[in-house]
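Take the sequences, apply the hints, and build the full model.
Sequence order for the protein chains is A and B. Using this note's numbering, read the first sequence as starting at 1 and increasing by one per residue. Using this note's numbering, read the second sequence as starting at 1001 and increasing by one per residue.
Simulated from the structure, these hints should not be mistaken for laboratory data. Quick caveat: nothing in here was measured; it's all calculated off a predicted structure. Quick reminder that beta carbons are idealized off the backbone N, C-alpha and C, glycines included. Every clue listed holds true.
Cross-link-like lysine to any residue pairs, in silico, SDA-like; alpha carbons within 20 Å at most:
1) A:K208 / A:G266
2) B:K1080 / A:G178
3) B:K1080 / A:S131
4) B:K1080 / B:P1093
5) A:K273 / A:G246
6) B:K1080 / A:G102
7) B:K1080 / B:Y1095
8) A:K44 / A:A78
9) B:K1080 / A:D101
10) B:K1080 / B:S1112
11) B:K1080 / A:R180
12) A:K44 / A:G81
13) A:K208 / A:Y221
14) A:K208 / A:T223
15) A:K208 / A:V297
16) A:K44 / A:P166
17) A:K129 / B:P1134
18) A:K129 / B:S1135
19) A:K208 / A:F220
20) B:K1080 / A:G177
Output of the computed footprint for chain B on chain A, the stretches with three or more beta carbons under 8 Å from beta carbons of chain B:
21) 107-118
22) 133-139
23) 145-157
24) 164-176
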Amino acid sequence: VEPEPHSPHAKALPILLATVLVALGSGAGLGDRAYAAEPTNQIKSAGQTRLSDLGFSTADVVQSPDRGHVSFAFPPGAEQGPDNWYLLNFHFEVEIGADSDGIALVSAATNDRSAAQVQFETHPGQSVKYSSLSLIAGRTESTSESRVVDVRFSNYLQQQGVAPGPAQFSVSLEQIGGARISRVTLFSDTSFEATRSSPFSLSLTPAKAINPTPTSGRPFYVTFTLRVQQGRPVDSVAITATASNGLEVVSPARQDIGSVGDIYQGRFQLIAKRAGEYEVGLHAQSSINRPAATVRVRVVEDHASRVTPLFVAFATVLAGVVLILLAGPLRARLRRRSQVRQ
Amino acid sequence: MRSFRTSVLFRLLGALSCLGLVTVAQPPPATAGASNLTIVGLDNDEFWNYDFYGQTVDAGNVDWAVDLVFYNNANINKVKNALNPWYSQTGGPKYEYMRDGPIGTFQWDQDSGRKITGCPPTGWFEHYRVYADPSDDSMYNVYYGYYVLGTTHFDYNDGCSGALAGYSETAEGWVAQHSGEAWGTNRVFYSCCTLYNSEAFRTETAGGIPHIWENDGNATYVSVP
Chain A
1 VEPEPHSPHA KALPILLATV LVALGSGAGL GDRAYAAEPT NQIKSAGQTR LSDLGFSTAD
61 VVQSPDRGHV SFAFPPGAEQ GPDNWYLLNF HFEVEIGADS DGIALVSAAT NDRSAAQVQF
121 ETHPGQSVKY SSLSLIAGRT ESTSESRVVD VRFSNYLQQQ GVAPGPAQFS VSLEQIGGAR
181 ISRVTLFSDT SFEATRSSPF SLSLTPAKAI NPTPTSGRPF YVTFTLRVQQ GRPVDSVAIT
241 ATASNGLEVV SPARQDIGSV GDIYQGRFQL IAKRAGEYEV GLHAQSSINR PAATVRVRVV
301 EDHASRVTPL FVAFATVLAG VVLILLAGPL RARLRRRSQV RQ
Chain B
1001 MRSFRTSVLF RLLGALSCLG LVTVAQPPPA TAGASNLTIV GLDNDEFWNY DFYGQTVDAG
1061 NVDWAVDLVF YNNANINKVK NALNPWYSQT GGPKYEYMRD GPIGTFQWDQ DSGRKITGCP
1121 PTGWFEHYRV YADPSDDSMY NVYYGYYVLG TTHFDYNDGC SGALAGYSET AEGWVAQHSG
1181 EAWGTNRVFY SCCTLYNSEA FRTETAGGIP HIWENDGNAT YVSVP
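Put into structure tokens, the structure is as follows:
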């Protein structure tokens, strides 16, 4: 007894519902300008670049056997992280047929790498449920009583969706079961956004100022704040402090924090024997990402610690002088008392 | 496309073992036991590299090794829809435990999967299951995009007398072939990437039927458009 090769064609059932690829710009009244922007239309390396900046006008996207696209170009050196990141801010509208009964997926991709996937669950006579997943908002689920649904969705592009030079932005529609989408409109305020903000949800921010000013020989604190994106708790959080030569971490150098649900503020105690410029490294670990930060610390001389010994010495000398000055009259007085008794 | 000839000997041994001819020295255990159960990371996400009979992570509670990753623009509904021409019937539920990084916690997903036919069957039929974070029907990271995980196996006389199950590697090849027919052969990467779950060919017993292991530890990746 062993598994026999099947003849897939013999057993193949008709494809119940075909994937429908939507061509941008193939709709009525939509010109070449919107369909194929020049590859020289480079998006910005910082901030937002809207599709309108690339020559695309808001348009109804009509079903087509061909995948449509908007051509543009990433800037030279563009890559997805670790320092610079690209987002897609996707704005579209769907019109759902009254008899629609199934699931529809609207996707958007750069260079065939999908960064947006919005799922619509439709049934006749019922409200429309739609959901999405992104690294920015996590999972979102909404309900619309209207059959016309306006959607704004943002997400980080895939790593392989970002590369220097010419690129393509494409939108696709897939209808499963009895889903019937009669219209998809792509708005020209859909944009690409270049940012330095990481997609990973745990962030580490050290305090900008240390108060009071650190002084040599005296402990001081470096404080920090850990934040997570709303509704996206992070587990197994720990933070470690390292200090440059001459600076010592007094408190435990590692703090195991556990789960962070919103915000966590903590501090490390340090001490430097001498004045100078130092660096404190903060390295967080978590189940998601490992943010790090460096704090520059200027430690000043502790003048109070130098004044005190001088003051003690001066006071001792002064007391001695006073004692010597008083010693003569005191001795004379004692001698006089002794002579009177005799 | 993988060759079936490579596993003919193993399958013959498996068949013999099912008949009780080659398991004299070591009786099969009461349940199937995974040899390499571990957590595998995909970017910031993690999952166990086998699916389970129930919602308990235990090497003695596994069903099959994870051997499929549908990525880029995958979604459970989308995958099942695309493969529906070949796999239109549902099976019984199994479970996978995974964590979609940004969400932050491990979650169980249940899937009954799809297979070629239901009971009463005659012969061998592939059966695959696909899993993702249950609230999303997919998972996302910047390296794999929207992706789901899958396990495969063959059923023989499923749910009926003389039933057997197994040969994941061979079933993986068939699901991969049909994926290529659905989305394009250039989008299928056969047994490309290790998930650290190789299983030597052997027969155990799980759920009261012979459980025939066959897995090379390398999953097939399918880039879903």
